[in-house]
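There are 2 protein chains.
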Amino acid sequence: MSSNRHKIPIPTVDIIIEQNSRILMVRRKNEPYKGCLALPGGFVNEGERIEDAATREANEETSLNIGLVEILGVYSDPTRDPRGHLMSTVFVGIISSDNVTEHMQASAGDDAAEIECIYLDALDNSNIAFDHKKILFDYKIWKLSGGTFWSSKNISNTEAV
Amino acid sequence: MSSNRHKIPIPTVDIIIEQNSRILMVRRKNEPYKGCLALPGGFVNEGERIEDAATREANEETSLNIGLVEILGVYSDPTRDPRGHLMSTVFVGIISSDNVTEHMQASAGDDAAEIECIYLDALDNSNIAFDHKKILFDYKIWKLSGGTFWSSKNISNTEAV
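First to last, the sequence lines map onto chains R and C. For the first sequence, position 55 (counting from the first letter as 1) is numbered 55 according to the numbering used here, and the numbering increases by one without interruption. For the second sequence, position 64 (counting from the first letter as 1) is numbered 64 according to the numbering used here, and the numbering increases by one without interruption.
Calculated from the structure, these hints are not laboratory results. There's no promise every hint is true.
If several chains are the same, the list does not tell them apart, and a pair holds so long as it fits within one copy or across any two.
EDC-like cross-link-like pairs, simulated, lysine to aspartate or glutamate; straight-line CA separation at most 20 Å [stated by the list, open to error]:
1. Lys143 - Asp81
2. Lys29 - Glu48
3. Lys7 - Asp124
4. Lys143 - Asp52
5. Lys140 - Asp121
6. Lys153 - Glu60
7. Lys153 - Glu48
8. Lys153 - Glu114
9. Lys140 - Glu114
10. Lys7 - Glu46
11. Lys143 - Glu48
12. Lys143 - Glu114
13. Lys153 - Glu31
14. Lys153 - Asp52
15. Lys143 - Glu46
16. Lys143 - Glu18
17. Lys7 - Asp52
18. Lys34 - Asp52
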């Protein structure tokens, strides 16, 4: 079976990296959601394990080497990205060998213009790209009680926030 | 971005359904792994949320309506399926409204020939398709201590079993 025979959801990864109560976010320099904050992430290549895509994308967009802690969830609502049906596996990561400063230039091009570290609660009032506000809401729940998440899980709770 | 522009991993789902200490497995009637036991599962369609693919595939292969409990993990080693780079999101499900008998004919065609309910420990000595033996090993860990899993996580432990 070839990926070119059928249209299929496109696998991506996003990574939540928290340090000192702040989340590493990327201010997007390109459409869609130009100027908005997004989690570091990107596309998974054929032949690449998704965990390797997560560490590679985190490094490309933030210059950091990270370790993976857990999978927060898999988000695959077909309307979550205007470019097509992109499904994201979201990892919770930790910084393994680098230091992060408050404002750090991203090392690589991609869609990352600038890294910003933002307090989790302050993100509620920020312009957040894609469904990353729901993802960060789910991350707050995860910090309290664990669990895994997907697009249609706890929607009513999310909408109430 | 179109899924046809690049070769990408192909998203699939598999579902672990345990009842009375036994796991619902499908004896495959087609290659690859013809005659081996596999978890119920299949491909995710474009435009379909992965959680909906999981409940649909479980129903197509076992006739059961299931609910989803958690995501066990995302398995994406490019060698895990001889047909190509298939990445599977594995859900833990529960039977929501049907009864399961020890031997039940699958209702739909697909790759399912017959449903068998097998004690988790007995699966160690069965012919298991794909990387589903590792997945079921991870499921045992999950039952003890939770967590989420991926292809390269705890490989040394898995190989020791």
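Indices of hints not satisfied (ascending): 1, 2, 3, 4, 6, 8, 9, 11, 12, 13, 15, 18
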